[in-house]
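Please model the entire structure based on the sequences and the hints provided.
The chain contents come next:
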Amino acid sequence: MPAPAGGWRFEQPVNAHGIPNYRALPAALLDALKSAVGPANVLTGRDETTVYDCDGLTLHKSPPGAVVFVKNAAEISAVVKACNTHNYPFIARGTGTGLSGGVIALNNAIVIELARMNRVLEVNIADRYAVVEPGVINASLTKACAAHALHFAPDPSSQGACTIGGNVAENSGGPHTLKYGVTINHILGIEAVLPNGEIVTFGGPAPMTPGYDLVGLFVGSEGTFGICTKAWCRLTPNPEAVKTLLAVFPTIDAASRAVTGIIGAGIVPAALELIDKHIIRAVESWLHLGFPLDAGAVLLIELDGLRDGLDALAERVMAVCTEHGCISVRVAKDNAERLLLWKARKQAFGAIGRICPSFYIQDGVIPRTRLPEMIAKIESLSKKYGLTVCNVFHAGDGNLHPIILFDEREPKQLDDALACNSEIMRTVVEMGGALSGEHGIGIEKLEFMPMVYNEDDLEGMSRVRDVFDPKRLSNPGKAVPSRKCWEVKGHEAPRLAFGVRKAHG
Amino acid sequence: MIDWVSQLQARFPQRTRTSTAEFAVGGMRPAIALSPANNNEAAQIIGFAAQNKIPVIPCGRRTNQELLAPPPSDFLLISTRSMESLIHHEPGDMVATVQAGMRFYAFSDAIAAQGQWLPIDAPPGATIGGIVAANTHGPRAWGYGKLRDMILGMTVVNGDGVLRKCGAKVVKNVTGYSLDKLYIGSFGTLGLITEVTFKLRPLPAEGIFFEASFSTIAEGLSAMRAIAARNLPLEMVRVFKLRDERAMPKVVVCATGTHTELIRIENELRAAVPAVAFGDSDKEGHRSSAAQRSWVAGTRGYRRLKVFPMECGATLRFGCTSSRLDSALKVVEIHQRGHWSLGTTDGVIDISPLTAPEAARISSEFEKLSVNFAWENIVGVNIPNRWGAPRPEWALMKQIKSALDPAGIMNPGRFVV
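Same order as they appear, the protein sequences are chains C and Y.
Here this note's numbering is used: the first residue of the first sequence is 1, the next is one more, and so on.
Here this note's numbering is used: the first residue of the second sequence is 1001, the next is one more, and so on.
Worth double-checking, as some hints may not be accurate.
[As the list claims (entries may be wrong)] With beta-carbon atoms standing in for the labels, derived distance ranges:
1) 1149(Y) to 388(C): 33 to 41 Å
2) 455(C) to 1011(Y): 19 to 27 Å
3) 334(C) to 1231(Y): 19 to 27 Å
4) 81(C) to 1327(Y): 37 to 45 Å
[Stated by the list, open to error] The list that follows gives simulated cross-link-like pairs (lysine to aspartate or glutamate, EDC-like), each with its CA atoms no further than 16 Å apart:
5) 471(C) to 198(C)
6) 179(C) to 1149(Y)
7) 1398(Y) to 466(C)
Keep in mind the hints are simulated off the structure, nothing from the lab.
Where is the CB? At the ideal position from N, CA and C, for every residue including glycine.
Set out below in structure tokens:
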């Protein structure tokens, strides 16, 4: 296992081109921003910009140099060009629901706020796609085409708040990723403002765009290749029938073995989610949905497809569950009950907030056959550090979301939480897994990147980044660590979590 | 003998293939053909070529080379045929990692033994690396998606001779840039793909295959649309017409599922196109000759229709939105004699005879209609822009190529970059 860090840096006092980080906003740039979008659409006062200091990962904060509200691609292009003139970093922001620190305005970047670009421009039923602006809320798109029995398949837990632009930047997933794929599988084309201000279009509604798959490359690049200003989204027909089951297990180990069993039997459910006892209790004490409080864990299993085959499939799934010690199965009788079961899953993170002051959510992915082993490891780490670790995750994909609970005000607990986090990450990598399944690297997992990729791999990614953003102005300091050769002698790479906090007091 | 040829021969005596005729590409023999046995050897060979600015043509079993422009003279051919192992297959994870030189059929057999498959259609002999580099998928992309939806990670020797990996070996991953997406369909212009990790599917329990004949392509199209509109979980629905003036256009439908599901699908098909009798369903999916061409593909591969004998002609492959399909077909309707294969948003038409002005007319009409296209298997006719007029984003693609192939040696001049 290669040691993290090594030649890779995670924070630089200067960037690759000698441009200093942490700098004051030049007055001329502020003027240029005001003339690009109108003075009323530029915020600089700390009382107004404080809410833009972080995203869903509240451990890390950095104040933006300014927040700019934009209406269209032309305005974004003008803002980006102004930033280029002053070699000043910028970053686009949707609703800030990300969990990896992806939209933190490192280096006091200009925040380009996309909330006003929230129009669904076209819903094309015949060709089954929609054209949307980046600020459209994920769930609104599905709502916009619901009358035609179509939906946008990626469904992050935050779908009521997160934007399509954010989904594109992070290549977001969700529970139904298991059967339907992640964001990239549902984006046909992108219009983007490149980091030099140029407006380009990649792909489109027609298949077979000649040349390289720039849509595939752009989606998931975490805003480092530019800003998505328009997306052609594939619309998926709603399944004819859906069956939602809640399988109750005495232990989380039994539940995870059932997951491995279901996948191993060649069954691909629409969704296969694991919710452990901690989450069940937190959700129950808040929402009173009728989940069994004595369960070690439950599996939320959704099957969909033709109504003709669904009962037989459900029986197969239940047989596997029973084989692994399932105590009981509740089948949603109607859509209302189905939504109720899903509510527990989708509100899990909110429920955690009610029982603990701080929590840290992970997003590693492991081979599905190793779930029981991983669950045991997480339990032992929880004991080792004396911290509660909850589990609510996309089990069918092997996409873990261990949630480490701690109290940020206790320095030892914060240290322990970060150490526990590192050990989980390390185990994920040792099992041949990925650091992130859907939340992205952001700044949060940057220091772990050298554990999965060697110097050559990272250097290759860096080269591609140079093509799009040679000046490293577009969301700098995220997604992929930078090269050693830019290191300032004697400057040690700080532990990330503290580095950022220290820098801003 | 060219100097670098003898140097390579001396350095890799075991890897040098002596009969270069066997490795001819576009009728041209390579100056030397090398088949590295592992990633490191491949990296050394490409590194050497980069230093000496030698054009490199990566190849598997040469089933896709005719999709590209001919190679430059004096090229080095690097073949993956000595890298054909299944590296890892964990059935419980439904994930497999395979060397690029493994033939798709051999790979399919190996994973089928564990009840799994990769649902694409590929020509016989095609290698994994070739399929990925050419982004080959067949009619069943309609139901299962394209390669991009099935590839999890890759190992590539880029044009600078450096071995790099991207992606992961798990089914969901957003760790670093998705360079794997960039390599799919890049036709070896960024590097030599050496290993690919796939997300597999369980082999279906049962399959059905239907075909119905129509007197015109237009009737076939409307039947296909009526079927597609039912939102059934089909593998494919497509109109085929063989290259024969008496051949009737056929609508071919494939579906898989449980017995109950298939009975339902069968009933729906008959209801969707009531006036026409579908042929007997073939539950085994292995008997009918048309099935040989399409449905069997899962385990035995897509038997591509034999390339027509011709003096001048080409295959036109195109993609468009479904509402544009009729306009696109109007452009090519006079070429009814060729082999046709039409989906709801794409088509493949063999056109022969074909003149340069006619190819130019079709290209220009398609561009006006925003129909994407590629001219393939070109014989005896000059088609300078195989993929149409250069587009603004090609400049960015050229920069990406320069970043990963700085010496510009990988398949130079054969693709859009």
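Outcome of the hint check:
1. 1149(Y) to 388(C): 33 to 41 Å: Once the Cβ atoms are compared, 38 Å apart, the range 33 to 41 Å for residue 388(C) and residue 1149(Y) holds.
2. 455(C) to 1011(Y): 19 to 27 Å: holds, 26 Å
3. 334(C) to 1231(Y): 19 to 27 Å: holds, 22 Å
4. 81(C) to 1327(Y): 37 to 45 Å: holds, 38 Å
5. 471(C) to 198(C): At roughly 15 Å apart (the allowed maximum being 16 Å), residue 198(C) and residue 471(C) satisfy the hint.
6. 179(C) to 1149(Y): holds, 11 Å
7. 1398(Y) to 466(C): Holds, at roughly 13 Å.
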